[in-house]
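Participant: Here is what each chain is made of, one letter per residue.
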Amino acid sequence: MLETIWFVLWGLLWAVYFMLDGFDLGLGALMPALAKNETDKRVIYHAMGPFWDGNEVWLLTAGGVTFAAFPATYAVMFSSLYSALMLLLFALILRGVAFEFRGKVDNPAWRGLWDACLWLGSFLPALLLGVAFANIFMGIPFDAQGVYQGTLFTLLNPYGLLGGVLFVLLFMVHGSLWLAIKSDGELADRAQAMAKRLWPALVIVAVVFLAATWVSTRLWANYLGNIALWVFPLLAVAALFATRLAMARGAWWKAWFASALTIAGCTFFGVAGLYPNLVPSSLDPAFSMTISNSASSPLTLKIMLGVALVMVPVVIAYQAWAYYTFRHKVTEEDLAYEDY
Amino acid sequence: MDVLMLSRLQFAAATFFHFLFVPLTLGLSVLVAIMESLYVSRGDQDYKRMAQFWGKLFIINFAIGVVTGITLEFQFGTNWSRYSRYVGDIFGSLLAIEATLAFFLESTFIAVWIFGWKKLSPKMHATAIWLVALASNVSAYWILAANSFMQHPVGYVLRNGRAELDDFLAIITQKWAVLEFVHTVGGAYILAGFFVMGVSAWHILRGRETALFTKSFRMAAVFALVFAVFTAINGDLSGKEVAEKQPSKLAAMESHWRTQKAAPMYLLVVPDEKNARNSLELLPIPGALSFLAFGDFSAEVKGLADIPAADRPPVLLTFLAFRVMVGLGTLFIVLAGLAWLKRKKLPQNRWLLTILVWVIPLPYLALQAGWAVAEVGRQPWIVWGLMRTADAASPIAASQVAVSFAAFILVYGLLGLAAFYLIFKYARKGPAPLAAVEGR
Ligand code: HEM
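So the protein sequences, as listed, match chains A and B.
Going by the working numbering, the first sequence opens with residue 20, and the numbers climb by one from there.
Going by the working numbering, the second sequence opens with residue 869, and the numbers climb by one from there.
Mixed in with the good hints, there may be bad ones.
[Claimed, not checked] Incomplete in silico selection of chain B near chain A, CB under 7 angstroms:
1. V935
2. T939
3. E1168
4. L1230
5. G1253
Hints in this document: simulated from the structure, not taken from any laboratory.
Note that the Cβ used here is the ideal one computed from N, Cα and C, for glycine as well.
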């Protein structure tokens, strides 16, 4: 029971991480396409500035909870995905530093360098997270001892790459919607147009991904066994269409929330299909890391649950307050800070 | 090189680099918070400009600390998967709690502080930096409690082929954790104190913004002096804890080979690790080692020769690092004491100001040396008495680690250059003019 609760929380943490960091990863990846001049760029940096760091902590927490609640899974998952994770980490480092360093020297080459880091540090994580999770859905080739029997390129199979493209598109739509909310004038127009243009591509990739999931993974087994689970894929689909409807009505906040729900629905679609596995082995299902063979002791799970039940609502409350405090469109006055 | 050696080098490089930035974050956040509170309570614009000036240096430094911290957490899984499996039940939960309790608070409110100068009331704004200071120091406690479990495991049972949690309170309240926390944080505060004194001295020497920098200097001098004394005292307690629980580390710290009663401490020692002896031992202080280790001049201190070679840590490195730390610690007390005595006549004491500019790097060195003592001295164990470092690495290809290690060196090297360049640039630039601050 405790293991199952932690499994759900594990999925929830990843979902929250994708929902939040998704928009700033997507927006960073789109910056070259959206920004026409220095002011546009500064608006984009400012649209993410107060939020990205707090969002990224959800990744740290998702990783930390994997470690704490399912240490054996953490060990197998992170060592199997070694090179992909290292790439992800370096990308996130460059990106985080770009935010703080870009505006600190008034020189176009310096700024250009950090703009490139922001782009790479946004696009690559979006892609790699998608590739990693698609591979997890499909199963990773590790043996009975949890030793990985592949290379970085094993992960770059068609289904993995499709997952990567799906994540990139999901995040890009999410990010353009965020910019549509946070900016004004031409830049906002461009962001809105971008969201509308990307949406059909997202629908197509999502449909192909679902079909490929049927062929390449065993996620459907759970769905065939339990009708109730269908709420997740249905939620994802409904939210995806709601996103488009809200866009058509010019309701950008609503569109952004709907897009967040789409991301949550997609995450839970995968996670619910995995249960009771966390990371299946593609060599032999008997080797898979499951909630029962990889969980921490009941005492650890209980203490962690106590901490989570008290602290996570507190975290959500003050993060929500911070979002509320900085909810306004980016203004001239904001840009007067020399920082960005 | 094999996976084990590469992983060790990579982890060492990543932690040492991370810890070049963390101590200033720990100490400067507190100083900036005090400055801003003084501004709020007294309405003196100088304090606001101080908070903004030191705050800018804080942010540059903070950014690198944050991004390099993430890689540390993930490396336990990528490079030390056997370790993670074995102690994740305990170690993982401490890290996860650190994230939920501290990292969210820290990263949310640092953004509120950076972007909130005009959006929040002055009180609320000052509260934001206090929350950042609180969060970074709380986070230090959890990570050091986790490290203390590696130094001196308590509160566990061996079950299901791994160390499982048995007594959570015992782990987070053990003496080792408390001592490691006060010592590390004390060292970090020394560093912040010397950093602020040094940068202030540079400006005072040039007669720039003398009033503002004198205020900064005085605050930092008190801070540095208090914590220099404090850190030496609790460092002594740490030494006694090590003597009791990790005799091999203590012996390596002093390069002490023969078990003996009333062990002396030699002021000059040249270790000869190969032949299990010292090639030079000069200027003994009789019984001093026994006294420092056990508070008793005649106590018996175990020597390295009585510890099987396979259980000894690298002696030379541990020994040198310990000497450097303690030597510098003594110097800091002297310098901070002088700075405090002369605090009212700074411009007349140019020699002191000049020295203080040049010693900015020394607390950095002392902190790195301290970690070398604690971590190198713990070898060959990754978890003292429970698991050897050699058994902890991930079963992965060495080539992968070689590539990532090279990438670490390259990326961190460049980042370090950029960060130091920016810190220099802004430290020399000085605070924003008064008019600009009032306009905000
Ligand atoms: C002046 C007298 C000092 C003494 C007697 C002393 C003693 C010690 C001892 C015995 C340890 C090893 C504890 C362990 O293995 O866990 C240690 C570690 C350490 N020391 Fe010192 N120390 C002194 C000064 C300093 C100073 C001035 C700094 C930094 C500015 C510093 C920073 C550290 C750090 C970062 C560690 C590693 C963390 C820890 O284990 O507590 N120490 N010190």
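Participant: State for each hint whether it applies.
Facilitator: Outcome of the hint check:
For V935/B, the shortest C-beta to C-beta distance to chain A is roughly 4 angstroms, which falls under 7 angstroms, so the interface hint holds. A cut of 7 angstroms between beta carbons decides the hint on T939/B: the least distance to chain A is about 5 angstroms, and the hint holds. For E1168/B, the suggested interface contact is broken, since its CB lies about 39 angstroms from the closest CB of chain A, more than 7 angstroms. At about 26 angstroms, the closest approach between the beta carbon of L1230/B and any beta carbon in chain A exceeds 7 angstroms, and the interface hint on this residue is violated.
For G1253/B, the interface hint is violated, since its Cβ never comes within 7 angstroms of a Cβ in chain A; the closest pair sits about 20 angstroms apart.
Hint compliance for this structure: hints 3, 4, 5 are broken, all remaining hints hold.
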